[in-house]
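Work out the full structure, taking the sequences as your base and the hints as a guide.
Just so you know, the sequences run in chain order A and B. Position 708 (the first sequence) corresponds to 708 in this note's numbering; numbering is contiguous. Position 105 (the second sequence) corresponds to 1105 in this note's numbering; numbering is contiguous.
These aren't lab readings, by the way, just hints derived from the structure by calculation. Glycine residues also receive a C-beta, built at the ideal position from the N, C-alpha and C atoms. There could be a bad hint or two in this list.
For the chain A half of the interface with chain B, some residues (derived, Cβ under 8 Å), not all of them [claimed, not checked]: (1) Gly99; (2) Tyr207; (3) Ile239.
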Amino acid sequence: MIHFTIDGISVEAKKGETILTVARKNDIYIPTMCYIAKTTPCASCRMCVVEAKGVEGFVLSCNTPPTEGLEITTNTNALELERTNIMKLYDVNHPLECGVCDKSGECDLQNKTLEFGVSQQNFSTREQNRPVEHWGLINYDAALCIMCEKCVHVCNEVIGDDAIEVKFGGYSSVIIPKNSQTLDCTFCGECIAVCPVGALVSSDFQYSANAWELKRIPATCAHCSGGCSLEYETRHSGINAEDSIYRVKNNFEFTSLCGAGRFGFDFENRAPKSEAAFSAALLAVQNCNAIRFSSMITNEEAYILQELKNKLGIKLFNEDARKLQEFMASYSSMSGKKHYSGSLDAIKQADGIIIIGSRVSSDNPAVRYALTTARKHNGAKIVYAHPIEDVLLGNTMTQFMKYEVGTEEGVMALLAREILRDADLPDEERAFFDELDLGYLSAECNIGDEEIDFMTKSFQRAKNCVLILGDDVIRHERSANIAKLAAMIEKYTIFSLVVIPNEVNSLGVSLINALDKDEAIANVVGYNAPGKFTISSLGGADLDIPALNQQEGTFVSIDNKVLPTNVALAFDGYTLNDIAFACGIKHETTIECTKKLGKISGFKEMDFDALENFFSPYGEDVRGYLLDEVACEISAKLDPIGALPEFNGTVIYHSNPVLQFNSYTNKTKQLQKDSTLQGSAQFATVAKISDGDMIELSFGSRVMKRVFKLDETLKGTIALNPTFDDVIDASRYKYEKSKIVRVVHE
Amino acid sequence: MHKEQFNSRNVNNGYYLVDIEDYPQDGWGKFKRVVRRTLRGELFVGLWVVLREMIKFDIHTIEYPLEKMPIGPRYRAVHEMKRLWESDTERCIGCGLCEKICISDCIRMDTRIDENSRKEVSQYTINLGRCIFCGYCAEVCPELAITHGGEYENASEQREHFIMYEDMLTPIDTMKAGKQLEFEGFGAITPHEDERVKKTPLAY
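Below you can see the structure in the form of structure tokens.
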């Protein structure tokens, strides 16, 4: 602890904190223009200057760490004059278009100009022609840009796209796309969020509404398991129409949001109320043998489904959550606890990270951003083990460990053996590792000793390590053994574990529901899933229910946190609770179940209305609550590793393009819907197809038609098959041997 | 962020019933009400005022509609949408402040980006059936685009007939003839305004 004073108030600083962060923590105001808490200070605005006793001139508080006994003053006349002069420079030739500007009302420049009372321009500069750039979902108006460089820092340090840079030129400096004519990035839109003025704006939102007209609804993103916090902003659309969501904003100071969350908000279900459909649905549910449902539901819906199961004696099918449930059960039987220990914050603070079996940049962007943060801020060593290289992780990962498709179990055993080399293992487990056939595993997985040695060497100094496991291992046929190995790594080393659940609430469903193995039986009601009678929020179903932006309830995120979400848009029809009510399960509202969750799997007995959903001004996360740890019985033993499976020929990998996750993101207006099969040149040669061909793709019992697109960045005989447009069975292993036939047009 | 708005699941839009005396249900109650209303002394107060003015023969009544009173510039009748003197285009920039400030929630507008990347007002309506003519919209308008005019004679079978943007906008031929009346009420430009403008130095 470092003790010093700011304006006569004695304060304490931890190691690594700057004068500015300490001041903010103690509610002492220092104005800034370019500072953003989640990146390293770029020190371009010089507004945060303070005076330190005994130091000549001003000190930049944003990047100066305090020393013991330092005396800081934040508000002398000299400082006020300095800051006012900076504001005058910011305002030079800034277009006076506040009346139409999208940012007006929430603009940093507007606020600070009024704060410092800059009412006139005493000097001038020749204005230059700065045309508005159109970059797809983003528009950039250089005339409004104040060159704070927040966008560049966020893009590089937090997102990892590194797609924009500053073109230096004094007063004519602008932001330009890096190494490209137009912006070529994943379109997370984080640059829009952090822009303090109206220079970077969403092209869809531009000029359609103003900050003061929009109603803000705090919610949780409903696209992946990242559980990102966001605010839906709604307003009436047109002059007589209903409300609609105009845009999504996030607390950019402390959190990040991917493009799916930011631009993919219009997935609401607009179906009218139909009593006939409700009676039919009630009859169908009462007479069904099973309900098949997806994980894109709230915990409360999952709870009601479980009650329906208990009451009506039906089966519940959800293969996606069941696979995760099995995986976590196997993990618990080895680790002795219900939940894995890691979180996104743990990843952000880690300095050694291994990722196995996940294409994170499309599976879970929140994890990718956490990885980028760890890499840029802690210099973390990141080992990315996957059969397919990911160009988006190019700058982030420090080592790419390419293994053969299907050999995840072998990879896990090899890595576990290395990581647990010096651990104090029980004899039985030690024997398992001693008996491993290293030669065979290494050859089959295609991971050499030198790769493992390199990893060990780079992790030598690491103090906070995280192991991240993705869908490839959860859905692997030997996932139980992989889970046990992961549990051992977590138990005996400094590694914490993060498992990436597939869908938004796979984790919640897996904790709440007792699931049955899916089988082709008659009379299955589909709840957001295929069935004989369908109840769905996607539209066009037998009974329409509200989508996740029209519901209140909770999700369980990747952090094992229970996060609340609120109603952004009204829904007129029926919900699952109405069906349950008619079946004799009496809840007044769906969210009554939030409290009832309390008896299972570490949920707390908390009312929905008691759950908070915001970040404190100091960045403290006060959203929902963390699941309690639940002790489990340790009973598992490691299975010996048998022959590893082999995948040859035209192998496809079920993986969505970035920003697409499921049928809901597919419904949105702004997100790009690229449903082509993207394959490597090698894949094209083996399958005898070329770029742009229409092909017929068959795997297992499925046949589908797609256009083939050659992707030069892919290596190996592999192609990526998107799943967002045609939801495939979620329990499938993500790699598949496929047959490909070119469709010849006549 | 306050949570009250989300925690309140009352969907009645804030409407409530006014506390008024119950209507009489039976004949005796109705009879009592008739008697009470009939024998109220207030009737004779009114009759006396009429009789007194009639005897005086000093009548102020103007013969409307043949005669009309002059309307002051700050009178708040039906809204007008003004055009720019320079270009004859509409002054409204679509900032949405009138919509936001309107206390009877009768203004609705929709804006979009046009082909020249400028903000365009695509729809604008004032529901005069709801409007209470408070004048806040004219007061808040940063461009003097929406003002109140002197036109108070409206008659139609439908209130919806009073909400056309085209009717409020200065007709283009009036504009071309230079006959748009400038608003002189609150917020209007004062005489000699140009002398107070601080100009940006252009020496570079």
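Comparing the hints with the structure gives:
1. For glycine 99(A), the interface hint holds, the least distance from its beta-carbon to any beta-carbon of chain B being 5 Å, beneath 8 Å.
2. Hint on tyrosine 207(A) holds. Least Cβ distance to chain B is approximately 4 Å, under the 8 Å limit.
3. Taking 8 Å as the C-beta cut-off, the interface hint given for isoleucine 239(A) holds, the closest approach to chain B being about 4 Å.
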